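The chain contents come next:
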Amino acid sequence: MNPVQALGRGVLSLLRSLGAMTLFAGSAIRALFGPFYAGQLGLQLLRIGFLSLPVVGLTALFTGAALALNIYVGGARFNAESFVPNIVALGIVRELGPVIAALMLAGRVSSGIAAEIGAMRATEQIDALHTLTIDPMRYLVVPRILAGIIVLPLLVLVANVIGVLGGFLVGITTLEFDPTVYIRNSWDILESWDVISGLIKAGVFGFLLTLMGCYHGYHAEGGAQGVGRAATHAVVSAAMLIFAANFILTSVFV
Amino acid sequence: MTSNVKIAWKSVSKRFGEKIVLDGLDLEAHEGRSLVIIGGSGTGKSVMLKTALGLIAPDKGHVEIDGQRVHPGDPSGPGLAQIGMLFQSGALFDSLTVWENIAFKLIKAEGVKRSEARERAIEALGLVDLEAGVANREPRELSGGMLKRASLARAIVTRPAILFFDEPTTGLDPVTADVINRLIVRQVKSLGATAVTITHDMASMRMIAHEVAMIENGKIRWRGGLDGVDDCADPAVCAFVQGRSVDD
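Chains as they are written, first to last, in numbering that gives the first Met the number 0: chain A, 0 to 253; chain B, 0 to 247.
Hints are computed from structural coordinates only; laboratory data are not their basis.
One thing to keep in mind: the hints can contain errors.
Said to hold, decoys possible - A short, non-exhaustive set of chain A residues, derived as facing chain B with CB atoms under 10 Å: (1) Gly33; (2) Thr58; (3) Glu115; (4) Met119; (5) Ala121; (6) Glu123; (7) Ile125; (8) Asp126; (9) Leu128; (10) His129; (11) Thr130; (12) Leu131; (13) Ile133; (14) Asp134; (15) Pro135; (16) Tyr138.
As the list claims (entries may be wrong) - Here are the simulated distance ranges between beta carbons: (17) B:Ala235 / A:Leu6: 44 to 52 Å; (18) A:Leu45 / B:Ala235: 54 to 62 Å; (19) A:Arg29 / B:Arg185: 36 to 44 Å; (20) B:Lys218 / A:Gly222: 28 to 36 Å; (21) A:Val54 / B:Gly23: 27 to 35 Å.
Said to hold, decoys possible - Far from chain A, some chain B residues (derived; all Cβ distances over 10 Å): (22) Val4; (23) Val46; (24) Gln87; (25) Glu137; (26) Ser142; (27) Arg158; (28) Arg181; (29) Val184; (30) Asp226.
As the structure is a prediction and not an experimental result, all values here were calculated from the model.
Note that CB positions come from ideal geometry on N, CA and C, so glycine has one too.
With the rest of the complex left out, here is chain A (with noise of 0.2 Å):
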């Protein structure tokens, strides 16, 4: 196959998928409205959310201490270095926490979401809730987009938290801040649109990662390994849209 035709085919087979993503986004907003299983969001919360507290934590912890170091190593170029807790607290609220906290839950979530939903594709279990009168996208693919949407913003609330406390800890320990300006600079550098773009960004990150996992495991063709595909699918399309959203999010909120 000659490179352009390859090119082409491979423009198309993404612009069908996104298609297909679109409608299938278009479908859950849908089901949103009619019978909700409060049950299932319940578990979903507990799940995504809960669940994910440590992993996010200390991924969270360990990314506030590593900036703080390359900002102060950074910094000392042009006698900058008192400025970390300001660019760390910035960094953390308005881009690393919402990022890093919503890559995490691709890996855990959609994969998850996806594996689960998949396998259930492959025995029959989707189509017997249909048989049971139970619409499927509002028995599993809400509850799930819904509790993404919700449970992202809190964990980022606390990856925030914890996230500049990684850059306290090494702040005060290894870089020889003083404590009580370390906390003074980090809260006086933060304005309140600074807290909420971060959380409106992990509110749409959330339903980007849920959708991804719901839509991939929902489709999902071909037994174990079309689960596994599956669930590779999900966190790769999760990960590359987190990305792009972040970037339009981050240029509309400057």
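For chain A, the structure is supplied; the task is to place chain B on it using the hints.
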């Protein structure tokens, strides 16, 4: 035929890519009768069943239940509320216990209280000769035969007017398959339900069927009473039922 038409496939066509699976298929299932559909692998039997359940949308034609059109993808349509389905794999929800599986439709779709739904689930377990002790087990703890029986209990717990069976004895040993066949016959009779069964199992067909239809190349090749199967009016049907090639 004196009884009313309960389910009608009307000129149903379906293709997947280049492969034509159903090609203008016409068939009727009559009220209170048991129709068994036979045919080789890949001839479209399961697709046909799924068009009646609204799980697959026909490219052309449509399916009617009680004269009302089945709308694909709509679980709240008029037909599904009166259907019980036994899937080939059982398709019990592995995140729920056996009784929760059986009571699922009662609780989620019909708003029956959990305590009452549990009682009715245990009652349904008794109807398929399973002990009440099975109720709290998870599906993965059940043998193949028990799984099929629990799935049958889920299909009958709402006392549906229509029962669909997709390969009910596949993967079971002959003794267990016989038990399942007897349970199906008993339940279809006691409910007075219209039954549509897909099977490759000729022993199953002989026990369950009032009528038999053979599907080939996406169309009904032959249909008739159980007696007609052995009369060999159509050599292809005769060969299929006897398990030999047409050329033999």
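Hint check: is the beta carbon of histidine 129 of chain A less than 10 Å from a beta carbon of chain B?
-> Holds. Min distance 5 Å.
When the nearest CB of chain B is found for proline 135 of chain A, is that gap smaller than 10 Å?
-> The hint holds - proline 135 of chain A has a Cβ within 10 Å of chain B, the shortest such distance being about 8 Å.
Is arginine 181 of chain B truly not at the interface, in the sense that its beta carbon sits beyond 10 Å from all beta carbons of chain A?
-> Given that every Cβ of chain A is farther than 10 Å from that of arginine 181 of chain B, nearest at about 24 Å, it holds.
Does isoleucine 125 of chain A pass the interface hint, meaning its C-beta sits closer than 10 Å to a C-beta of chain B?
-> With Cβ-Cβ at 9 Å, under 10 Å, it holds.
With 10 Å as the cut and Cβ atoms as the points, is glutamate 115 of chain A at the interface with chain B?
-> Holds, because the Cβ-Cβ distance from glutamate 115 of chain A to chain B comes to roughly 9 Å (cut-off 10 Å).
With chain B as the partner, please determine if tyrosine 138 of chain A meets the hint condition of a C-beta pair closer than 10 Å.
-> This hint holds: tyrosine 138 of chain A lies near chain B, its Cβ roughly 8 Å from the closest one there, short of 10 Å.
Satisfaction of the hinted span 54 to 62 Å by the C-beta atoms belonging to leucine 45 of chain A and alanine 235 of chain B = Because 56 Å falls inside the window, the suggested range holds.
Should the interface hint for methionine 119 of chain A be scored as holding, given a Cβ-Cβ cut-off of 10 Å against chain B?
-> Result: holds, 8 Å to nearest chain B Cβ.
Arginine 158 of chain B remote from chain A - nearest C-beta pair above 10 Å | Label holds. Min Cβ-Cβ 14 Å, cutoff 10 Å.
Beyond 10 Å from every chain A Cβ: check whether that's true for glutamine 87 of chain B.
-> violated (7 Å)
Is the hinted range of 27 to 35 Å satisfied by the C-beta distance from valine 54 of chain A to glycine 23 of chain B?
-> The hint (27 to 35 Å, Cβ to Cβ) is violated, given that valine 54 of chain A and glycine 23 of chain B are roughly 55 Å apart.
Mind checking the CB of leucine 128 of chain A against every CB in chain B and telling me if the closest is under 10 Å?
-> With Cβ-Cβ at 8 Å, under 10 Å, it holds.
Checked against the numbered hints above, the structure breaks hints 2, 21, 24 and satisfies the rest.
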